[in-house]
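Taken in order, these protein sequences are the chains called A and B.
Positions 239 to 622 (the numbering used here) are the ones given, in order, by the first sequence.
Positions 632 to 760 (the numbering used here) are the ones given, in order, by the second sequence.
Read the hints as simulated data drawn from the structure, not as lab findings.
Even glycine gets a Cβ: it sits at the ideal position worked out from N, Cα and C.
Hints are supplied without guarantee of correctness; some may be wrong.
[To be verified] List of simulated lysine to any residue pairs, SDA-like, C-alpha gap at most 25 angstroms:
(1) LYS686/B to ARG733/B
(2) LYS686/B to LEU429/A
(3) LYS686/B to TYR373/A
(4) LYS686/B to ASN705/B
[To be verified] Quick partial rundown of chain A residues pointing at chain B, CB under 7 angstroms, derived from the structure:
(5) PRO375
(6) ARG376
(7) ARG425
(8) LEU429
(9) MET433
(10) SER435
Chain residues, written in single-letter form:
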Amino acid sequence: MVSHPLRGRAAIAGIGNTKRWNAPGRTPFDQMQEAAILALEDCGIGLKDVDGLFCAISSSGLPVLNAAERLGVSVRHADGTMVGGASFLFHLQNAVSALDHGLCDVALVCYGSNQLSAGGRLVSMPDPQPYEAPYRPRYPISSYALAAARHMHDYGTTRENLADVAVAARAWANLNPDAFARGPLTRDEILSSRMVSDPITRADCCLVTDGGAALVLTRADRARDLAKPPIYVLGTGTAISHRQIAAMPDLTTTAAVESGRRAYDMAGVGPSGIDHVMVYDAFTVTTLLFLEDLGFCSKGEGGAFVSSGAIAPGGALPVNTNGGGLSCNHPGMYGLFTIIEAVEQLRGDCGERQVPGAEVALAHANGGVLSSQATAILGTAATI
Amino acid sequence: MSTDPRFGGPGPDEVWRTALDEGRFLLQHCRTCHACRFPPAMVCGACGSSDLEWKEASGSGKVYSATTVRERDNSYNVSLIDLAEGARMMSSVGGVAPDEVRIGMEVRARIVREPEAIVLFEPKEGGAW
Ligand SMILES: [Zn+2]
């Protein structure tokens, strides 16, 4: 098989994670700037060398301008694609292409949020939905609840299956000293948690936190001479299926099927070649949907797969090893953190939660209401 | 004027809203492939044709999925309804307790003013549950 021309052409050279999950007195741009500084220091590249800027932020319609001014970077290529929490993996794909074509030499992907300290509610860009608003769905929870209800109807998935996703996430968080929510969490506690929009309880929902994260990417040849071992971008894939949940063709099958296939094709691997998996767990049901759609189990079997213990520590498939959006952090658009954890795992820097010998990781992010899907497959030098 | 006459007059959202205010629930149908489109748009979601026409909805549908939104002292249903014409819309099923709305339930539309006109559904008389 001929290798895809973009496979392994760019690498993640540096990562930044503020780990400030509750930081009053900091703006989203403060979180973003700190993450950018940390990511550049991580690989030993100066701010003045950044010439490609990629960012999205819930509270700003002009994130690239705001970030460029504050960081003082001289931008010759930029991308402010806003497709919700998957935005940063769309940025990643564009950064790989832009680097390969010489449109920029150092790509900085960055994000910041003060969602928790600013009031603890999900902050969304103004985007009125006149065909939904009269019926007062809880946004975005009810949309995911409708998907969960249909999955239960079609495949016999149970609330216990959903709860087991949160139990697994917490078990991983308990191995991560930087996770926001730690401590024991049982299936019964989740099942008896307050119902918000059937079948989704409070405990089926992701956290609300602050946070900031950033990546620095260069072409692979340059990345090899930098401070940290390069983590190569082996494949990327993106897909969009709808904006409002009523326009999603089949609520039990997401466009992750397409984004995943594109990423697998570019990387030249399949699900069985993946050592470590990160999927955006905005709600417990999203983990099930993405494990199915990305081929880690068959359609409809996500519930049984999770309840078998497969994704928890000690299981066959390490999933969301930082604790995920359910137990590590969720600043509103969590997607970038799936990449951060994948890079840390491939570098072997994860301490107690380290996946032994991880060489290939898959990170998957979701945006809107199962609307945008983006998959990235990353690998160590051994995969090149 | 050099505007394209095919796209003259009020836009599709405005046509739909105006009709609903007059008590008519309209749906777009593709003249090319006969697919039904909702919410309104300027192209057919199935084939990409911009040759769409408006027809009054039959009002018949089936619950595709349902959730009960729980507030402190109030609960209400939010459903996705598969309309007989083939499109899907978000709405709410009344006339039955919110958590008694079942996937597959046959429902019928009615227009309610609260005060803005909206389309709600209720279980169809003698419909299959
Ligand atoms: Zn058509």
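Hint check results:
1. LYS686/B to ARG733/B: violated (28 angstroms)
2. LYS686/B to LEU429/A: This hinted pair is violated, its Cα atoms lying about 46 angstroms apart.
3. LYS686/B to TYR373/A: Given that 25 angstroms is the threshold and the Cα spacing comes to 24 angstroms, the pair holds.
4. LYS686/B to ASN705/B: violated (36 angstroms)
5. PRO375: Hint on PRO375/A: holds, closest Cβ of chain B at ~5 angstroms, below 7 angstroms.
6. ARG376: holds (6 angstroms)
7. ARG425: violated (21 angstroms)
8. LEU429: At 15 angstroms from the nearest chain B Cβ, LEU429/A fails the 7 angstroms test, so the hint is violated.
9. MET433: Interface hint status for MET433/A: holds (5 angstroms vs cutoff 7 angstroms).
10. SER435: Hint on SER435/A: holds, closest Cβ of chain B at ~5 angstroms, below 7 angstroms.
Checked against the numbered hints listed earlier, the structure breaks hints 1, 2, 4, 7, 8; every other hint is satisfied.
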